[in-house]
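Novice: Using the sequences and the accompanying hints, generate a full structural model.
Listed in order, the protein sequences are those of chains A and B. In case it helps, this note's numbering puts the first sequence at residues 1 to 158. In case it helps, this note's numbering puts the second sequence at residues 159 to 529.
Wrong hints could be hidden among the right ones.
[To be verified] List of simulated lysine-lysine pairs, PhoX-like, C-alpha gap at most 25 Å: (1) B/K248 x B/K450; (2) A/K84 x B/K213; (3) A/K84 x B/K452; (4) B/K336 x A/K32; (5) B/K333 x A/K32; (6) B/K364 x A/K19; (7) B/K364 x A/K5.
Read the hints as simulated data drawn from the structure, not as lab findings. Please read all numbers here as calculations on a predicted model, not as lab measurements.
So you can see what is in the structure, the chains are spelled out below.
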Amino acid sequence: MFLKKYISEVFGAVRSLLKGMRLTGYYFTHHKEIITQQYPDNKEEMRLPDRFRGEVVMLHDEKNEHACTGCTACELACPNGTIKIITKFDITPEGKKKKALDTFIYHLELCTMCNLCIEACPTDAIKMAQNFEHSVYDRSKLTKKLNKPGSKIREGVE
Amino acid sequence: MIEEVGTTEQGDLVINVGPQHPSTHGVLHLVITLNGETIKKVEPHLGYIHRSIEKMCESLSYRQFIYVTSRMDYLSSHINNHGCALCVEKGMQIEVPARAKVIRVLMDELTRLASHQLWWGAMAMDVGALTPFFHAFRERETINDIMEETCGARLTMNYMVPGGVMADIHPNFQKRVKEFLQFFRTKIDEYDELVTGNIIFCSRMKGIGYLSPESAVSYGCTGPTARGSGISCDIRKLYPYEVYGELQFDEVTVAEGDCFARYMVRMQEMRQSLSIIEQLIDNIPEGEFQAKTKAVLKLPKGEFYSRVETARGEFGVYIISEGATTPYRIKFRSPGFSNLSALDHMARGHKIGDLVAIMGTLDLVIPDIDR
Numbered sequence: 001m002f003l004k005k006y007i008s009e010v011f012g013a014v015r016s017l018l019k020g021m022r023l024t025g026y027y028f029t030h031h032k033e034i035i036t037q038q039y040p041d042n043k044e045e046m047r048l049p050d051r052f053r054g055e056v057v058m059l060h061d062e063k064n065e066h067a068c069t070g071c072t073a074c075e076l077a078c079p080n081g082t083i084k085i086i087t088k089f090d091i092t093p094e095g096k097k098k099k100a101l102d103t104f105i106y107h108l109e110l111c112t113m114c115n116l117c118i119e120a121c122p123t124d125a126i127k128m129a130q131n132f133e134h135s136v137y138d139r140s141k142l143t144k145k146l147n148k149p150g151s152k153i154r155e156g157v158e
Numbered sequence: 159m160i161e162e163v164g165t166t167e168q169g170d171l172v173i174n175v176g177p178q179h180p181s182t183h184g185v186l187h188l189v190i191t192l193n194g195e196t197i198k199k200v201e202p203h204l205g206y207i208h209r210s211i212e213k214m215c216e217s218l219s220y221r222q223f224i225y226v227t228s229r230m231d232y233l234s235s236h237i238n239n240h241g242c243a244l245c246v247e248k249g250m251q252i253e254v255p256a257r258a259k260v261i262r263v264l265m266d267e268l269t270r271l272a273s274h275q276l277w278w279g280a281m282a283m284d285v286g287a288l289t290p291f292f293h294a295f296r297e298r299e300t301i302n303d304i305m306e307e308t309c310g311a312r313l314t315m316n317y318m319v320p321g322g323v324m325a326d327i328h329p330n331f332q333k334r335v336k337e338f339l340q341f342f343r344t345k346i347d348e349y350d351e352l353v354t355g356n357i358i359f360c361s362r363m364k365g366i367g368y369l370s371p372e373s374a375v376s377y378g379c380t381g382p383t384a385r386g387s388g389i390s391c392d393i394r395k396l397y398p399y400e401v402y403g404e405l406q407f408d409e410v411t412v413a414e415g416d417c418f419a420r421y422m423v424r425m426q427e428m429r430q431s432l433s434i435i436e437q438l439i440d441n442i443p444e445g446e447f448q449a450k451t452k453a454v455l456k457l458p459k460g461e462f463y464s465r466v467e468t469a470r471g472e473f474g475v476y477i478i479s480e481g482a483t484t485p486y487r488i489k490f491r492s493p494g495f496s497n498l499s500a501l502d503h504m505a506r507g508h509k510i511g512d513l514v515a516i517m518g519t520l521d522l523v524i525p526d527i528d529r
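Specialist: What follows is the structure in structure tokens.
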């Protein structure tokens, strides 16, 4: 009785090992597709999803105009102090003073890509871009100015 | 009292495992006292990845603090965010739209699946099988791609906001999740074939690291660790939140209390998660994905607590509010900390090789323990 149990245990053990080996053997002989991405060889055809959060960018149209009013809603929404907005006062044709964006400073090295600034922006002036290759040799290069030189606010954006 | 490394007066050997040891998970430092090869005592040392998240949250507003909790249990970050959002909604009495509730549960279960898949691969690697790791990561990758498409990130999603979710689901979401369900149904059987019945794996697991139901309760273990000892502690069943009360799923409990029982609980939970996703994926109600909330959230004066079931156990958020825009005090009850405290109890009397197997079944995530 003991011998019978012993032998059946041995055979059960061997069968369990062979079962796993069968699966491993199957995948060894059926390597039809490559599952991993062949980065960076596939850089040209690699497409990231539209919502992928790579970095914050400010949208400019062809006339070099943006939609940022300098309201600092994104600056207040950011949990890490990633965004710093410097405003100035423009003189309107009517001779009134109007608050406007001077410099939009973005510290990429502090950013955690939480998307809260994009959610907070009332005029959709900023969005997340898909670029994820941020390595530079000097960390000061990670502090960026998002509004392009000479850009101004689009007509009609309040 | 932490003993110094070396030999004690009784002739026991005291050695360090970690903090940077390849067989441990993350920066876990264990000081173990050995008599020959038998473990006499295990002392976990914490603090290597302490970031004082609770204190940090006190200076962040109720919208901002949610993203920090992704950095605690990064494998079920979505469920952590969910717990925080629930607590803020409780305090503000925000009614979450039905669509957002279903999306949240769907994302929770996908996260749980991804977390258990990683655990399965890492667990098998701990006991010496390398192949399962690659199998697990192949399936996990499809979940991560789904997450990336809808939430915008793969691991630290920050998709939850008080009042709903940040964005509506991607148009491809339902199609891709259905494809994944079909794909994973066959793969989970392969998991069983590859590892569960394997004689080497079974003999490393069965009868190792016994945790009695009494000690599971007294150590405060939750999640699959306690359910492997036969304790019913699934928050989704006991205190249903969102739409869990209306769903058909079983709470998995296995009575044996050893490593293999904890393993089986998680394997069964993966199947339960699949069935939850199957029930919901075609029944996402139409409507808003986010409730209208004020720009600045101010919780009324008082104390609020909410809890969710993460992949590791019960995650609780306790907020004390003084009526300001930031919380006065936040306490997170993380499942990993309590589960780790039972390690000494489980490992005593076993061989040093079994310690790694026991740690594997606890599914430790160190940032969750240290916070």
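Novice: With a cut-off of 25 Å on the C-alpha distance, tell me whether B/K364 and A/K5 pass.
Specialist: 19 Å, holds
Novice: Given the proposed pairing of B/K364 with A/K19, does the C-alpha separation stay at or below 25 Å?
Specialist: 20 Å, holds
Novice: Mind checking the alpha carbons of B/K248 and B/K450 for me, to see if they're no more than 25 Å apart?
Specialist: 15 Å, holds
Novice: Has the given pair, B/K333 with A/K32, been kept, meaning a C-alpha gap of at most 25 Å?
Specialist: 24 Å, holds
Novice: Under the criterion that the straight-line Cα-Cα distance not exceed 25 Å, is the pair A/K84, B/K452 satisfied?
Specialist: 24 Å, holds
Novice: Starting from A/K84, check that the Cα of B/K213 is at most 25 Å away, please.
Specialist: Holds. A/K84 to B/K213 sits at ~24 Å (cutoff 25 Å).
Novice: Does A/K32 sit within 25 Å of B/K336, going by the straight-line distance between their CA atoms?
Specialist: 23 Å, holds
Checked against the numbered hints above, the structure violates none of them.
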